[in-house]
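Colleague: Letter by letter, the chains look like this.
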Amino acid sequence: MSMTSEGGHGAVPTGPEVPVAPAAGPVRKDWPLYEVFVRGKRGLNHVHVGSLHAPDDEMAVHAARDLYTRRNEGVSIWVVKAVDITASSPDEKDPMFAPSGDKVYRHPTFYEIPENVPHM
Amino acid sequence: MHEETVYEALNDAGGGEGHWAFGTGFDEPLAGVDTTVPEGIDPADLGAYCLMLGDDALVLAQRLTEWITAAPELEEEVAIGNIALDLLGQARLLLARAGSVGVMGRSRERATASIPDEDALAYFRDPDEFRHTPRGGAQRGLRADDDPPARRLDRAAGGRHPPARVP
Amino acid sequence: MVGVVIGALPPSLCAASLCGTLLPTVRSVNTSEEPDVRASLDRPAVDETALQEQFDATIAAGHRIEPRDWMPEGYRKTLIRQIAQHAHSEIIGMQPEGDWLLAAPSLRRKAILLAKVQDEAGHGLYLYSAAETLGADRADLTDKLIEGRQKYSSIFTYPTLTYADVGVIGWLVDGAAICNQVPLCRSSFGPYARAMIRVCKEESFHQRQGYELLMTMMRGTDEQRAMVQDAVDRWWWPSLMMFGPPDTDSPNSAQSMAWGIKRHSNDELRQRFVDMTVPQAEFLGVTLPDPELSLDAATGRYRFGAIDWDELTRVISGGGPCSVERTARRRAARDDNAWVTEAATEYARKHS
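Protein chains in written order, with this note's numbering: chain A, 1 to 120; chain B, 1 to 167; chain C, 1 to 352.
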């Protein structure tokens, strides 16, 4: 078994015995994915700091304040559903994306297949 | 790097160790607090009122803490933890204030002088001395003096989950 | 919430999705094990050689790979494994420390421990975020953890038997984690590196708090000093195991180093940790439970005894003292409270 110490908080196996493909079949409904942008103080601009899951916009903003700003009330936060972001990065060449006007990254929930599509 | 600027700005905004939530950043709860008792106020009343508010905060903090590692989503974990920390910080302040006006109940009979007022009150009072708003359901019975103080606090707070592996 | 409907996707992606190859297991068009479906759907062939060269050049220049970059499937999968299981470690790690939240011996200690455990939840969240940029889904990763198909750090399968364990975890376990994590701030994958910068800042607080707690106990009663020594006796060897098997037993290390997602070998990091920790132990006044621990005057490094690798294998495979309890609690958090998640989703749907 191959384990890497760069498992961060202790060695974890990184060989093919560890599955990564999302489970086939009905997926448990996660709260939607939101991207978070924060402006630390006046004069700076908003910077993308990461993502979180929330059921709606209001909860997303509250969660973002807890998670990315340690409840610092003075900080400006933007949250937006990840699926609503349009990204353009011609230099990044993942063939799954159109170089302009496509999703921020591959996420299984960005491409919801309607239930009546056969063989999915 | 730009990301560093954001994180530093966030860090500095709270004054360095400001990323620690409210309940932790101080050793002396009453540091910077004017502890004179206003004219016309009975210190015993002030102390009793502080115990009422402080015990509410303490008990709520204890109960919320039970949800750590058991919350529905990780975002909720962080949120619940934040609220519990806020309440714990309030409890420390209020209990210390009660102690500062001499309202200690019977806790000083058991707590040595080196134990700060807030801890003496939290860990060394009997359950009948707690002044929090009663919660639904019966209080658990308390055993005698050989009960470790931490467990006594939890039981006094109406805990249904005894702390794991208290020595 | 309605996701993107198929018709709105660019034609090449429609085709790919109908063939069920859309999700992270997209294979390159050069894979010979399966029919080249996309070619038959008039999708332009992808020139992988050029993409691989560009990827290699980015790594060689020390630049970051970002989520929309082409990357070899091995790189993507290894990273998902590494980052997701790192996140799992943070979340599971909340349990052994969380066990002492209700019984911390002072209100200040309770607050410090609660803030620390909450930090770890935050770290897990940052890391799941990074994993999701590679095409994983957090709920799915959680399911795999609960099913035991993805692992977490072996160290968290051990119980926290006394309050001294809380301090020792801060000193030794977080100390070892810092040795692992600082190099990760230069990981070739951008989102992971950025998450690690944030994590490392907070981790150093944790180690200091743990060490300070132990110093306080070591200045206390004989019973308290014995408690610290007992905790050290139990946590020392598992901490050394956190660095993984010896280099000779780590077949994937070379590839990970070439990809820039591993910067130092397991043995190198372990040695660094030992050299850093021995003087700290001496200052604290505890004995590390290794009779073979000795300073090699020539190199300035510490030699140490043989590690029981069977224990690591057993523990990481689910045979640790608390392995069953750790996943059971994670499962309970997911399942007992599923109604909350569903209710919030339903509420949002009704009010959207």
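Misleading hints may appear alongside valid ones.
[To be verified] Below, a list of computed lysine-lysine pairs in the DSBU-like style, where the Cα atoms sit at most 30 angstroms apart:
| # | chain 1 | residue 1 | chain 2 | residue 2 |
| --- | --- | --- | --- | --- |
| 1 | A | LYS41 | C | LYS350 |
| 2 | C | LYS201 | A | LYS41 |
| 3 | C | LYS350 | A | LYS29 |
| 4 | C | LYS350 | A | LYS93 |
Hints are computed from structural coordinates only; laboratory data are not their basis.
All of these numbers come straight from a predicted model, not from anything done at the bench.
Colleague: The structure should be examined with respect to each hint, and the outcome stated for every one.
Modeller: Against the structure, the hints:
Restraint check for A/LYS41 and C/LYS350: the C-alpha separation of about 36 angstroms exceeds 30 angstroms, so the hint is violated. A hinted pair counts as satisfied when its Cα atoms are at most 30 angstroms apart, and C/LYS201 with A/LYS41 qualifies at roughly 20 angstroms. Between C/LYS350 and A/LYS29 the alpha-carbon distance is near 16 angstroms, which keeps this suggested pair within the 30 angstroms criterion. Between C/LYS350 and A/LYS93 the alpha-carbon distance is near 39 angstroms, which puts this suggested pair outside the 30 angstroms criterion.
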